[in-house]
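Asker: Residue strings, one per chain:
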Amino acid sequence: MKKFIESLLVCVVVICLFNCNVFATDEDTLSPYGDFDLEELLNVSVTSASGREQDLLEVSNAMTVITREDIERSGARDIAELFYKVPGMQIRRYDGHNYGLYIRRPATMLALGLLVLVDGVIVFNPMINGTMWSAIPVSLDEIERIEVIRGPGGVLYSANAVMGVINIITKSAKETKNYTSFQGGSQYYASSSTGIGGKPFEGIDLYVRGFYRFNRDDGFRKRGTKGGKKDKMEKHNFGFKAEYDISDETKFTAFVKHLTNRVSNFGVLQRPERFRQHFGMTNVAAKLQHRFSDHYDCDVNFWYNKSLVTAIEPNDIVIDSLNVNTQHNLYFDLLGTHVFSVGAELLFNFLNTSEDMMRHDNDKGQRIASAFFQEEYRPVDNFIVTLGMRVDDNTNVRNHQPSWQPRLSLMYLPKENQSIRAVASRMIRQNSFSERGFNQVLMYHPILKTMPLITYRGTQYIKPEEVITYELGYRGLLFNDKLNLDAMTYFSTIRNVVISHSTGSLPTTVDIVNNGDLMVYGFETNVEYKLLDDLFLTADYSYTHTYENKDFPSSDLEDKLATVSKNVLGVGARYTWKKLKLDVYAKYIDHINYIIYPYSRARGGKDTRITSFVKTMFRASYEFPVPGMNGVDAEMEFVANDLFCNRRVETSRGYYIDPQIYGGVRFKF
Amino acid sequence: MINIKKYKFIFLISVGLLFSEILSIQAAEKIPSDLLSAIVLKILNYDRSLDKRVDDEVVIAIIHPSNNKDKKSYADEIYVNINKLKTRASIREKKIDTVLLDVGMDSSFDAERFKKALMDKKVSVVLLVTEDKSDLKGLITVIRDLKINSICSDESRLSDGIAFAVGVKGDKPKLFVNLRAVKLEGSDYSSKLLSLCKRIK
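Chains as they are written, first to last, in numbering that gives the first Met the number 0: chain A, 0 to 668; chain B, 0 to 200.
Okay, chain A solo, but in the shape it has when bound (with noise of 0.2 Å):
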């Protein structure tokens, strides 16, 4: 690590010294767009003085964008530490490598009701319905951007966007900024991954892109282990995709993805060796988007997804998805402009596992056929009614009752950069294999291989949960357009809460049940001030609070609900001097529920203690042209994060958290 660092320093005054004419202008340059067609162009990224997010002035959902700048200048290592800085969003760590993305919820590993979409291929885990954020197959130097919703999605997502959606978006096939990268650091961090786009036949408006992503550091070191042993891991990504212009009004796209990950991590007994993860995860898609005429325009999709989860080997959890869908739109004038979608959706999802794995249910499948519309009306220019419905219909729920979906959106425009909305909805989350009473054994004891030591047990007779939500919000530029102001207050009623019951004692089956119903309310905000024309000011917090609506049988909802942060709250500061960039940024987030592992119930006592954490963040890059290199810049980069944390909290599994230091080199060409 210090000859690393060594090395560094001297690279970058040997660059100096070199090139003396790193400040040089552009102005004796060939103009870098020269080569570009219109899409290119349209997609170079643009300093704006006013507010980035207007494109959101008229969304109708409580969104935050994640635009690619704020990947780059995050300093994030992972995709999930992207969403520290969305309000209202709860992130957890529980190691290394592994995160949970709560929103307005008690943070549990099931039945979160958060969708996650990359490239709208479905990547959440349908054995669960919650994310494995490490066994998602997207590099974050691909990824454009990322639209996150706080609550629920609207008709025109995919089943289960009932708390919120994460919706991200890699780079265009068309997209020819190349790149090449390397870093390293703390935790024996490595990195290096590329990423090359193009048209390989002239006169054929074909683009095709190829991306590699490797990565690999030590984790963090395991509390009460001898030596601090760590949760190591080793990841590769790759992914290809092909855009193809089949006339002006018809385009086709294609990709793959794969990501295979190695994490060691701790089972009950601390012996990394045994314990071995593997997860991996494979996209396969095709789109069809054609125009018919300005008033009419459809998309056909098909995507087949595959991921592997392996929580203890040999024991493999495969899962094959399946999904074809489509939407048409209609654009017409009648007293006012009016968008009339209408679409369905069909999703298959097949269980493919060992036998050991299934106690009583042998139903490996799992249909959800749904059909949507949605009316967006604009009578006059400032004000936007829209009205939707979502119907679902889900295998996993008993007698297959359809899940019918209202949504409702006012939404007024004072002025042209100030919108005012108004929304109530009603959505069901869709049942996943472990609720509907597939038994999954989630833990073999390590030496007797054929006792389960965790099992979790649903039932056949459990009940979606149903989430309706009331939210109002307001987005605008103010004070001569330098301040960018996005709040919004909701109140949400969640009925049949599912949670997990278990026993505590190893070995232990984790029941899953209905189990009352829960009120939330919050207040979200997101604040962005241009104190000087190249220093943002950003500030976001977030406010919520949950409380059950009946008594339980257990405690675990009364812990459950001690998980949820009522007070987060986000400061920070980007600053950039012409090619300098720095960004700080630094985070409260209060009743960090520290657990110990569940095994330690049996010795008695409390085992949770409620606590708070400030994360930081820090990032500092520049950018020069390389020498002798025509057309090629390079950026250093500097990160520091977590570096004045407190290393006994966050993770729930016991890990300390060590400060993450790396440094890195990124050639674009």
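Because the hints were derived from the structure by calculation, they are not lab data. Any given hint might turn out to be false.
The following label-pair restraints were derived from C-beta to C-beta distances [said to hold, decoys possible]:
#  : chain 1 : residue 1 : chain 2 : residue 2 : range
1  : B       : L183      : A       : R494      : 57 to 65 Å
2  : B       : E111      : A       : E68       : 47 to 55 Å
3  : A       : I195      : B       : K94       : 28 to 36 Å
4  : B       : G137      : A       : L534      : 36 to 44 Å
5  : A       : T615      : B       : E56       : 54 to 62 Å
6  : A       : Y520      : B       : G103      : 33 to 41 Å
7  : B       : K51       : A       : Y330      : 25 to 33 Å
8  : A       : V379      : B       : R179      : 18 to 26 Å
9  : A       : F251      : B       : L183      : 31 to 39 Å
10 : B       : L99       : A       : A538      : 38 to 46 Å
11 : B       : G137      : A       : F331      : 31 to 39 Å
12 : B       : K121      : A       : H257      : 52 to 60 Å
13 : A       : I195      : B       : R47       : 16 to 24 Å
Just so we're clear, the structure is a prediction, and the values are computed from it rather than from any experiment. The beta-carbon is built from N, C-alpha and C at its ideal position, and this holds for glycine as well.
Given the coordinates of chain A, assemble chain B onto it according to the supplied hints.
Answerer: Then chain B, alone, in the frame of chain A:
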């Protein structure tokens, strides 16, 4: 942990080199001139009417208001950037030329003089760098009479009658179009281009 004292000289040299030049902070208030220039040339490739209206050279007149140094400076940058690009680019296989025109956009606007200047230089496209409150009525009338394409860098001027604008929405360039103005100018842009634009009435 790094021994800062041991490496302090390296740190000092590095920091000194990084900050050795006095750098002026430039605000990005609008789309950068080089990007705007490239986009304008690409837009014009989608106008099929240029095949009939123009012989073998597309002349782009960059018009800026008199007595406004900022706008003149921006117009100069666009002029330089188009001249750089034209060596490698063409518009519908025709050569490209540029002229700078200094025009009063208030009560001092002289329609006859402006029209004569456009005709003498055989201008086929006008790229406007306008002030927020300038009156473009007379200018637009001349442009439509001569069937010249109009483009500007401020989308708010589309409602005054300019056909195309290249603005910024979020952190990306955005195209805006006034379809009625396009029709009055006699242009024939393909639907592929129009699908990329936001339509302003």
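Asker: So, for every hint listed, does it hold in this structure?
Answerer: To see whether the hints hold, each was checked on the structure:
1. L183/B to R494/A: 57 to 65 Å: 59 Å, holds
2. E111/B to E68/A: 47 to 55 Å: Because 49 Å falls inside the window, the suggested range holds.
3. I195/A to K94/B: 28 to 36 Å: Given about 34 Å between the Cβ atoms, the range holds.
4. G137/B to L534/A: 36 to 44 Å: Cβ of G137/B to Cβ of L534/A: about 42 Å, so the range 36 to 44 Å holds.
5. T615/A to E56/B: 54 to 62 Å: About 59 Å separates the Cβ atoms of T615/A and E56/B, which means 54 to 62 Å holds.
6. Y520/A to G103/B: 33 to 41 Å: Since the Cβ atoms of Y520/A and G103/B sit about 59 Å apart, the hinted range of 33 to 41 Å is violated.
7. K51/B to Y330/A: 25 to 33 Å: 31 Å, holds
8. V379/A to R179/B: 18 to 26 Å: Given range 18 to 26 Å: holds, Cβ gap about 20 Å.
9. F251/A to L183/B: 31 to 39 Å: Since F251/A and L183/B have Cβ atoms about 37 Å apart, the given range 31 to 39 Å holds.
10. L99/B to A538/A: 38 to 46 Å: 45 Å, holds
11. G137/B to F331/A: 31 to 39 Å: 37 Å, holds
12. K121/B to H257/A: 52 to 60 Å: At 57 Å between Cβs, range holds.
13. I195/A to R47/B: 16 to 24 Å: 35 Å, violated
When held up to the earlier numbered hints, the structure conflicts with 6 and 13 and fits the remainder.
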